[in-house]
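A.B. asks: Listed below, chain by chain, are the residues.
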Amino acid sequence: MHILVVEDEVRLARHISRALINAGHEAVVLHDGESALTATSRSRFDLIILDVMLPGIDGFEVLRRLRKAHVDSRVIILTARGEVTDRVAGLSFGADDYLAKPFAMQELVARVIALGRRYAEKAPIKLELSDLVLDLTNNELHRGTRKIELSVRELTLLRVLMREPGRVFTRTELCEKVWEREHEYDMKLVEVFISRLRRKIDSPPLIHTVRHLGYTMREEP
Amino acid sequence: MKKWPLRWKLALYAALLAIAATLAGAATTWTVMRHREIAAFDRRLTLDAHELFRDVQHFQRDPSRGNQLFEEVFVPLALQHRLVEVTDAQGKMLYLSPGLLEPLSSDGIRTFHTRKIGGRSIRMGEFTHDGLTLRVGADLREINQIGRDIFNGMLVAVPTVLIVVAIGSTWVARKAVAPVEEIRKAAAQITAQRLDQRLPVPPTHDEIAGLIEVLNAAFERLQRSFEQSARFSADASHHLKTPIAVLRAGVEEILAEANNPRIQATAEGLLHRIHQLNSVADTLLLLARADAGRLELHPEQFDLSELLEGVLDDARALAEPLALEVESDVSAHLPLKADRVFVGMIAQNLLENAIKYNQQGGRVRLVARAVNGSVELSVSNTGAGIPKERIPHLFERFYRARGDERVAGSGLGLSTARELARAHGGDISLQRADRSWTELNVSLPQADQRG
Chain A
9 MHILVVEDEV
19 RLARHISRAL
29 INAGHEAVVL
39 HDGESALTAT
49 SRSRFDLIIL
59 DVMLPGIDGF
69 EVLRRLRKAH
79 VDSRVIILTA
89 RGEVTDRVAG
99 LSFGADDYLA
109 KPFAMQELVA
119 RVIALGRRYA
129 EKAPIKLELS
139 DLVLDLTNNE
149 LHRGTRKIEL
159 SVRELTLLRV
169 LMREPGRVFT
179 RTELCEKVWE
189 REHEYDMKLV
199 EVFISRLRRK
209 IDSPPLIHTV
219 RHLGYTMREE
229 P
Chain B
328 MKKWPLRWKL
338 ALYAALLAIA
348 ATLAGAATTW
358 TVMRHREIAA
368 FDRRLTLDAH
378 ELFRDVQHFQ
388 RDPSRGNQLF
398 EEVFVPLALQ
408 HRLVEVTDAQ
418 GKMLYLSPGL
428 LEPLSSDGIR
438 TFHTRKIGGR
448 SIRMGEFTHD
458 GLTLRVGADL
468 REINQIGRDI
478 FNGMLVAVPT
488 VLIVVAIGST
498 WVARKAVAPV
508 EEIRKAAAQI
518 TAQRLDQRLP
528 VPPTHDEIAG
538 LIEVLNAAFE
548 RLQRSFEQSA
558 RFSADASHHL
568 KTPIAVLRAG
578 VEEILAEANN
588 PRIQATAEGL
598 LHRIHQLNSV
608 ADTLLLLARA
618 DAGRLELHPE
628 QFDLSELLEG
638 VLDDARALAE
648 PLALEVESDV
658 SAHLPLKADR
668 VFVGMIAQNL
678 LENAIKYNQQ
688 GGRVRLVARA
698 VNGSVELSVS
708 NTGAGIPKER
718 IPHLFERFYR
728 ARGDERVAGS
738 GLGLSTAREL
748 ARAHGGDISL
758 QRADRSWTEL
768 NVSLPQADQR
778 G
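Chains as they are written, first to last, in our numbering: chain A, 9 to 229; chain B, 328 to 778.
Same shape as in the complex, but just chain A (with noise of 0.2 Å):
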């Protein structure tokens, strides 16, 4: 995808541009919304990913204006202010995602890839992982014929974890995916919550810690 990132911090501009070039795409940055402007008039992206506190124009006016000259690129939202009312208000001026700071760059790519392909995928109703499912309908999960029981939290947090098989979720990331607010014991929570999974999961084991990184679930170790 050919992608505009307009951040006025220079390093993590630099960051989210290294990370989207890894993952396979072309990024442009810039650090102001004039510039952003004038580089959408100009040329014609599949995504803009701007950033709202901007010097001069801020990041909701260049969105305001962007939908007024009819500019269809996707948009994600960089707020500062992780409330709802920054979220409503970018959403309401046309912005088709939204991500609060501090984020994890996975999670960015993450969505990037989401909304490339948001029109062409169905929500999954089942996750499968080897002999695992998860039926998303009422939340039951079997091992082969066996069902297990699971608890709220553990319920969400497999759902994320098998969602991505194979992908590495640093706990950090685990904690902002299952828990909706910031948690003093957060670390230890997912620790925990992990080796519950772990448990009721039982042999041969699906979830793996990845050292020094994080957790994946995959079917070979």
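If you are wondering where the hints come from, they were derived from the structure by calculation, not from laboratory data. Wrong hints could be hidden among the right ones.
Lysine to any residue pairs mimicking SDA-like chemistry, simulated, CA-CA at most 20 Å apart [stated by the list, open to error]:
| hint | chain 1 | residue 1 | chain 2 | residue 2 |
| --- | --- | --- | --- | --- |
| 1 | A | 196 | B | 643 |
| 2 | A | 196 | B | 649 |
| 3 | A | 196 | B | 563 |
| 4 | A | 185 | B | 604 |
| 5 | B | 664 | B | 754 |
| 6 | A | 185 | B | 353 |
| 7 | A | 185 | B | 571 |
| 8 | A | 185 | B | 336 |
Have a look at the derived ranges for each label pair, beta carbon to beta carbon [what the hints assert, rightly or not]:
| hint | chain 1 | residue 1 | chain 2 | residue 2 | range |
| --- | --- | --- | --- | --- | --- |
| 9 | A | 125 | B | 775 | 38 to 44 Å |
| 10 | B | 581 | A | 122 | 45 to 51 Å |
| 11 | A | 72 | B | 749 | 34 to 40 Å |
| 12 | B | 749 | A | 121 | 40 to 46 Å |
| 13 | B | 541 | A | 64 | 38 to 44 Å |
| 14 | B | 775 | A | 29 | 47 to 53 Å |
| 15 | B | 758 | A | 29 | 56 to 62 Å |
| 16 | B | 758 | A | 64 | 53 to 59 Å |
| 17 | A | 29 | B | 660 | 46 to 52 Å |
| 18 | A | 76 | B | 524 | 34 to 40 Å |
A virtual CB, placed ideally from N, CA and C, is assigned to each residue, including glycine.
Starting from the structure of chain A, add chain B where the hints point.
C.D. replies: Using the frame of chain A, we list chain B on its own:
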């Protein structure tokens, strides 16, 4: 009297002052009048004396009369309540009026003086003429009447003055205080949401106008610092979160690219710290917003029992290694209209504290039920309790009731929870804190029930 309205106090002081002034005036009048009356009295006595001498001269020119005839001459005077004593040059008593029981001893020549005779105040004059000494006196009762008249006058005048002054000064005081009352009303209109309001400055250039100008200047400064703090919470979130995002992106990149396990371990540890830092920044920004009165709630309808299920799940996970028992008594269906994220934070903060300040093998209990349309949570736990002297500080920021540095935590949990409960129109209160059981109660009204 300290609690009296200003205008009553002013009226009282004015009345007291008026009475003092009236009494002082009366006393002065009395002194002056008495002085003048005595002078007039003395003149009358002198006239009497001169008349008497004239009569005596007539008698002395008429040799046919004897000494005893003196009485006839002086009787009319004696009847006029005069006291008279006549002596000749040799000091021989020639006449003593009936009012006098004994001679008036002369203690040196004094033209006029007052002396006490038989318990009465007597004004005396002493005159000499042709070898005769004449002492004439009269009772001062006559002029003491003036003092009584003034006193009687005061009896009537003082209450009259009091009433007039009290009414008058209440009116004046009310008029004087009226602008202050106006200021009070106008100032009450100025709230955190309407800080741009100012008090109307009257066209006069008196003290009240001066006061209003000073107050307006103070409101101006208040508004400016308030806006600064509001801007701070917006700017700070940007200025804190963006560098955290940069840090995190950098560390993630290192983590993803490093092949050295030592670097990976370090990077992962750093990532954890960045996450914690972000969490603290979020809490501080939340409190800053609450302080600035800009905490925005986004009420939605949800089932609290479902939310508590997750929170209890976490609590049991944390309690397990400490061998704590987590009991719960949550009604099956608890519809609540409130900010879901904030309510979750309240429950989570309280349960975390209940686990943190517990004892090995202790208990934690969460009760939630609907009470009169609002929802009540109760979180209680075993543990060492909270020392009495620390209870008043329990909800202060960065305060830790046990003062135990071994227990990790920022000391923001309870103060944040209370801030959030209050933002919902509810509150948190300590129900019990003895050595065996600590219990905190949270009340959360439904969002649309609040005024």
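A.B. asks: Could you run down the list of hints and mark each one as holding or not?
C.D. replies: Here's how the hints hold up against the structure:
1. Distance check on the hinted pair: residue 196(A) and residue 643(B) sit about 12 Å apart at the alpha-carbon level, within 20 Å; holds.
2. Taking the CA atoms of residue 196(A) and residue 649(B), the gap is about 13 Å. The hint holds against a cut of 20 Å.
3. With a CA separation close to 29 Å, the supplied pair residue 196(A) and residue 563(B) exceeds the 20 Å bound.
4. At most 20 Å may separate the alpha-carbon atoms for a hinted pair to count; residue 185(A) and residue 604(B) meet this at roughly 18 Å.
5. Simply put, residue 664(B) and residue 754(B) have alpha-carbon atoms about 16 Å apart, close enough for the 20 Å limit, and the pair holds.
6. A hinted pair counts as satisfied when its Cα atoms are at most 20 Å apart, and residue 185(A) with residue 353(B) does not qualify at roughly 93 Å.
7. Restraint check: the Cα-Cα separation between residue 185(A) and residue 571(B) comes to about 18 Å, which is no more than 20 Å; the hinted pair holds.
8. Taken as a hint, the residue 185(A) and residue 336(B) pair is broken in the structure, with Cα atoms around 67 Å apart against an allowance of 20 Å.
9. Look at residue 125(A) against residue 775(B): about 41 Å separates their beta carbons, and that is inside 38 to 44 Å.
10. For the pair residue 581(B) and residue 122(A), the supplied restraint of 45 to 51 Å is violated, since their beta-carbon distance comes to about 26 Å.
11. At about 36 Å, the CB distance of residue 72(A) to residue 749(B) agrees with the hint of 34 to 40 Å.
12. For the pair residue 749(B) and residue 121(A), the beta carbons lie near 43 Å from each other, so the given range of 40 to 46 Å is met.
13. For the hinted restraint 38 to 44 Å between residue 541(B) and residue 64(A), the CB-CB distance of approximately 40 Å keeps it satisfied.
14. Our hint of 47 to 53 Å for residue 775(B) and residue 29(A) holds, since their Cβ atoms are close to 50 Å apart.
15. Our hint of 56 to 62 Å for residue 758(B) and residue 29(A) holds, since their Cβ atoms are close to 58 Å apart.
16. Roughly 54 Å separates the CB atoms of residue 758(B) and residue 64(A), a value that falls within the hinted 53 to 59 Å.
17. Separated by about 51 Å at the C-beta atoms, residue 29(A) and residue 660(B) satisfy the suggested range of 46 to 52 Å.
18. Look at residue 76(A) against residue 524(B): about 37 Å separates their beta carbons, and that is inside 34 to 40 Å.
Of the hints listed earlier, those the structure fails to meet are numbers 3, 6, 8, 10, in rising order.
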